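Asker: Starting from the structure of chain R, add chain Z where the hints point.
Number of protein chains: 2
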Amino acid sequence: MNEAEFKQIADFLNTLADESKKITLDGFNSDKQLKIKDDGSPVTEFDVNAEKIMCELISEKFPDHSILAEENGTKKLDSDYTWILDPIDGTRSFIIGRPLWGTLICLTFKGMPIIGLADFPALNERWLGYEKNCFLNNCQFKSNHVFTNDISQATLGSTGPSLFSQEGKKKYDALINATRYHVWSGDCHNYCLIIKGGLDLVVEQGLAAYDIFPLIPILKSQDITITDWIGNQLHLENFSSKYSTVVAKDTEIYKSAINILK
Amino acid sequence: MNEAEFKQIADFLNTLADESKKITLDGFNSDKQLKIKDDGSPVTEFDVNAEKIMCELISEKFPDHSILAEENGTKKLDSDYTWILDPIDGTRSFIIGRPLWGTLICLTFKGMPIIGLADFPALNERWLGYEKNCFLNNCQFKSNHVFTNDISQATLGSTGPSLFSQEGKKKYDALINATRYHVWSGDCHNYCLIIKGGLDLVVEQGLAAYDIFPLIPILKSQDITITDWIGNQLHLENFSSKYSTVVAKDTEIYKSAINILK
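Residue numbers (my numbering), protein chains in the order written: chain R, 10 to 271; chain Z, 10 to 271.
Fair warning: there could be bad hints in the mix.
It does not matter which identical chain is used: a pair holds within one copy or between any two.
The calculated lysine-lysine pairs, modelled on DSBU-like cross-linking and capped at a C-alpha distance of 30 Å, are [said to hold, decoys possible]:
1) Lys-229 x Lys-31
2) Lys-179 x Lys-85
3) Lys-31 x Lys-151
4) Lys-271 x Lys-70
It is worth saying that the hints were derived from the structure and are not from the lab.
The model shown is predicted, which means the values in this text are computed figures rather than measured ones.
Looking at chain R on its own, in the form it has when it is part of the complex (with noise of 0.2 Å):
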């Protein structure tokens, strides 16, 4: 994809978060529907109204791509490109009222993320890279933050204690202690302080496609790395894997972390 080509697949991305923001938001400034899904994780009529309407713009406009949705709308086809979405990553933060919860999108070529987009409706924040490029509300951004090198000054940072598993959350509980100071929550926002220079290191488990792989052109542009605990490239290899990761900016709190996690 050359950089026309991909400056239009951006402007889309864009109309697919504006789109779903007009409903998201609408909804975070209402009084809230919750369903709770199979899995116990809850979800509202905005997150199906939004995801809904992403997928129409997307079969519209590249009927050949597959989708990959949190919600009701994947589809697979015969295609290199699928398309993955969250309308709303960080739903219990959403329904509470805290507004760090972000709508996450992005474009996969042979199972690798090629371009995402991250919009936070409630902190009138958005995320957009690809390639070397990133942008912080439609302009360049470049970070001046020193970031440590040594892991015992690090901040960490991971959605809850309930989304490891018994040995995830032991592992977990040995890089917090390695660690100068942690702190629980923030879902997708994390990764955005990642890039700020507040958070040198998110380690999640558990997670869905729709959940990280938008993050991980942002975060690439950036020279972030973002690995599963063993050190390999996250790759779509179907649609119901599910994801450990590490993401950290320096590459040796990078390693650091790989050994007690691995």
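Answerer: Using the frame of chain R, we list chain Z on its own:
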């Protein structure tokens, strides 16, 4: 204190919050210098500077009043009035760039908080409460949210698992099991989510007076119950006391929570 006197004090609380915000918001948007206090909690230069300016303004206007402040500004005089301040509640959020930290200020009379303010500079959200008055960004606030009265349908929040004692954590785990779903993190912002209706119940242990007293008049103005874990009102006994707290809008949910925690 009559209405005119409350309005004058409210203006002064807003002035304190405005002065604090100039320092803290500037700090939030910059790279932060971080120290670790004796108790292991982090503190920034912005914390210290914001507290200093608020203490100076209070001492100038009310030289006879006592002050209880998180960092160095505490002074204990022979007065019925004590100001309680926390320039940055949620220092961890502040340091990593998460916008949920707040500035807490209140005035107590004979140990009872009579007017309180909670400002969220990075969210542009300020709460102020006294008697039956609650203001959000200077506008009278009245929730029309219909709260559940069934604990099995309730949303529960608390700042972090490491803040509980071992016994406290067991009881809190029982409360997690009794409710519909649960979130970590949020510090003082969680109380605003109770006011707006996103959370039904917030439970903490080991809070200092400056973590919670400024929120009491705001919560009480909205008929939200706040007591310790055995059902007693919070009262400023001495400056170093720690408080275990239960905050709930609905009386049935409050009682169910107390039965699990006491």
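Asker: None of the hints should be skipped; say for each whether it holds.
Answerer: Taking the hints in turn, this is what the structure says about them:
1. Lys-229 x Lys-31: within (29 Å within a copy, 35 Å between copies)
2. Lys-179 x Lys-85: Classified as neither: same-chain Cα gap 37 Å, cross-chain 45 Å, threshold 30 Å.
3. Lys-31 x Lys-151: For Lys-31 and Lys-151, the Cα distance is within 30 Å both inside one copy (29 Å) and across copies (25 Å).
4. Lys-271 x Lys-70: neither (42 Å within a copy, 59 Å between copies)
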